[in-house]
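Visitor: Chain by chain, the residues:
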Amino acid sequence: MAENLPSPGEQVVIAKPALQSVFKALDSAGYTLIAPVLRNEAIIYDEVSSVDELPIGWTAETGPGHYRLEQRGDESFFGFPAGPSTWKGYLYPSRLKLFSVSKNGGGYQTVPNQDVSPSYAFIGVRACELAAIAIQDRVFIEGPFQDPHYEARREKAFILAVNCTEPGETCFCASMGAGPRCTQAFDLALTELRDAFVIEIGSPLGARMLLDVEWSFAGALELGRADQKITDAENQMGRTLDTSDLPGLLYDNLEHPRWDDVAERCLSCTNCTLVCPTCFCSDMKDISDLTGANTERVRVWDSCFNPDFSYVHGGHLRPNIRARYRQWLTHKLASWIDQFGTSGCVGCGRCITWCPVGIDLTEEIAAIRDEA
Amino acid sequence: MSTAAKPRLAVYKFASCDGCQLSLLDCEDELLAVAGAVEIAYFVEARRQTLAGPYDITLVEGSVTTEEEIERIKEVRRQSRFLVAIGACATAGGIQSLRNWIDVNDYVNTVYATPEYIDTLATSKPISDYVEVDFELRGCPISKYQLLELVTSLLIGRLPHLPSHSVCQECKARGTVCVTVAQGIPCLGPVTLGGCWAICPAFNRGCYGCFGPVEDGNPIALGEQFMALGQTGAQVSRAFRGFNGYAPVFRQASEYFEDK
Ligand code: SF4
Ligand code: SF4
Ligand code: SF4
Ligand code: SF4
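So the sequence lines, in the order shown, correspond to chains A and B. Heads up, the first sequence is in this note's numbering, so the first residue is 1 and it goes up one at a time. Heads up, the second sequence is in this note's numbering, so the first residue is 373 and it goes up one at a time.
If you're looking for bench data, these hints aren't it; they were derived computationally from the structure. Incorrect hints may have been included.
Claimed, not checked - Derived BS3-like pairs (lysine-lysine); straight-line CA-CA distance at most 25 angstroms: (1) Lys516/B with Lys285/A; (2) Lys378/B with Lys516/B; (3) Lys516/B with Lys97/A.
Unchecked claim - Residues on chain B that point at chain A, a partial pick, calculated with CB under 8 angstroms: (4) Ala409; (5) Thr524; (6) Gln541; (7) Pro562.
To be verified - Some, not all, of what chain B presents toward chain A, calculated at C-beta under 7 angstroms: (8) Ile528; (9) Ala545; (10) Glu587; (11) Asn590; (12) Gln624.
For each residue, glycine too, the CB sits at the ideal point set by N, CA and C.
Just chain A, same shape as in the assembly:
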């Protein structure tokens, strides 16, 4: 049977309903499927068991501080731009117990979190999101220190990527070289045509999920159509960002009046950092019982927009919103490059859409560039 499967790099075509068999194969292989679903007036990621739970026929209009669901008038499975959820929420959960410590006679006993990390199959991962995962891999796995919890989840994760054919008004992944075409580290990557999916095989594991699926090799016609859709998407980006020498631009303009301007508008609410698929900051909380005999250390998401984030002995390092917004933008687009060798932004547009007051980093950069 196995010899009958396509190999990595090959492209096949399946009928749309056949995607359910891929879901079944993933389920049988022990994966928890996480996919886009319609919930609370948005398309978010959550656990699913059937393709019927996908937001078929739905899309969303996005803009600065604005997101509204809309019906498409067709039966597209993946015809919507990225929503507020991120895969970060699964690989790097917002709250995670790290270990517990108990008093033990005269000493202490430390027990690490031994929960078996979940095996996720991520359904519908966009190119910008693949790029974001690669960035977090650098932070959590490829640097001098490894995060074992991230690493365990990441190594187990199955990735069914989707080439983006529906960029939103706030998207600029093309400017960041992060999309809309999926080029890296997926098990399967799908392109949605009107009545079929073209699927690129990314790994032998991915190929095995087609065992019970009727597939045929994609012909020139299908490949051409799929390619055209992705090229169209590339030309429909809602925004652009001029990335030329961003570190130079930002480091040379640390006292630019635009920082005062944005500080008047920014709420310092943390939304932009928490929806960002690459932001990785956390805080530690020690939670003890009334006697102090048992304590748990828990890691929770944090953000450089919180005053306490940069509070040190003697006072605040970033005492106002101006300093905190500047930290965010310069970290994302400049010092991230010094630190990790890549930009910290993949152009997914979430920070623009989910900012309650619609602050747009591409506009802030353009303003600084114009008046620099």
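Given the coordinates of chain A, assemble chain B with the ligands onto it according to the supplied hints.
Guide: Same frame as chain A, now just chain B with the ligands:
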């Protein structure tokens, strides 16, 4: 630990609804452990026996609204080693501080059948306006988890871990879709201190600001956004003038938008 060595806890009430004290009784699972760890010396809602001061930990609920209360809070302070103001009334003046913007006699004459029986101050103000407060727990009502954390930290002798972030952070941590962005519902979450686990947005409503202003937020920018979403200045002003309306940051915002 012998009974004599247990820290003595007192709970006092001023102008308030009792909801915050109830949070202590609401600790159900942990209540026996608390009762075992401290001596409940004065808590009339929970225990008939009342013991005289001094107390190690005193929780004070409610705002100061009468001359009698001014004297009483001074006495409570004298009897207390560690005085904690709990809830929006004790930390900001509560919803009853709406009187602070008008002539209190107008309210008295409208509300009471025999206004001459009412002897009240012109204002409702937080405990810290009258005596030194060692710590404040925000919320309307307070969070029982924060109360337990405070008691635990006092017993162990470390700082309490309480949130200093906005309600938005809790929305994102629990995966709630932003009601402002996805539905245009005005929400005070971006300028409100977390601690409630963002319960209102999770039930599809905007935040009411129960935990009061977050440190160094930007209520004016948020109010401008409410107006961009179609609210009038008066509506924005009223949104800020809620349970924590007299907290200085919200007070300024509510006055700023009053005539916009
Ligand atoms: S900075 Fe904004 S656009 Fe860039 S990756 Fe983060 S959320 Fe997306
Ligand atoms: S932008 Fe802020 S929250 Fe994001 S990674 Fe950098 S310091 Fe952390
Ligand atoms: S830029 Fe927007 S989302 Fe980010 S902290 Fe400021 S107001 Fe909040
Ligand atoms: S619903 Fe309110 S609290 Fe939640 S993220 Fe939106 S603005 Fe913030």
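Visitor: For the pair supplied as a hint, lysine 516/B and lysine 97/A, confirm whether the alpha-carbon distance does not exceed 25 angstroms.
Guide: Status holds; Cα separation ~21 angstroms.
Visitor: Restraint: alanine 545/B near chain A, CB-CB cut 7 angstroms. Satisfied or not?
Guide: holds (4 angstroms)
Visitor: Taking the closest Cβ pair, is glutamine 541/B under 8 angstroms from chain A?
Guide: holds (5 angstroms)
Visitor: Taking the closest Cβ pair, is glutamine 624/B under 7 angstroms from chain A?
Guide: violated (15 angstroms)
Visitor: Holds or violated: glutamate 587/B as interface residue toward chain A, Cβ cutoff 7 angstroms?
Guide: holds (5 angstroms)
Visitor: Hint isoleucine 528/B vs chain A: min CB-CB distance below 7 angstroms?
Guide: Hint on isoleucine 528/B: holds, closest Cβ of chain A at ~4 angstroms, below 7 angstroms.
Visitor: When the nearest CB of chain A is found for asparagine 590/B, is that gap smaller than 7 angstroms?
Guide: holds (5 angstroms)
Visitor: Should the hint that proline 562/B touches chain A count as held when the rule is a Cβ pair under 8 angstroms?
Guide: holds (4 angstroms)
Visitor: Given threonine 524/B as an interface hint, is its Cβ closer than 8 angstroms to any Cβ of chain A?
Guide: holds (5 angstroms)
Visitor: Are lysine 516/B and lysine 285/A close enough, with their CA atoms no more than 25 angstroms apart?
Guide: Satisfied, since the Cα-Cα distance of roughly 17 angstroms is no more than 25 angstroms.
Visitor: Less than 8 angstroms between beta-carbons is the criterion; does alanine 409/B satisfy it with respect to chain A?
Guide: holds (5 angstroms)
Visitor: For the pair supplied as a hint, lysine 378/B and lysine 516/B, is the alpha-carbon distance within the 25 angstroms limit?
Guide: Holds, because 21 angstroms separates the two Cα atoms, which is no more than 25 angstroms.
In this structure, the one hint that does not hold is number 12.
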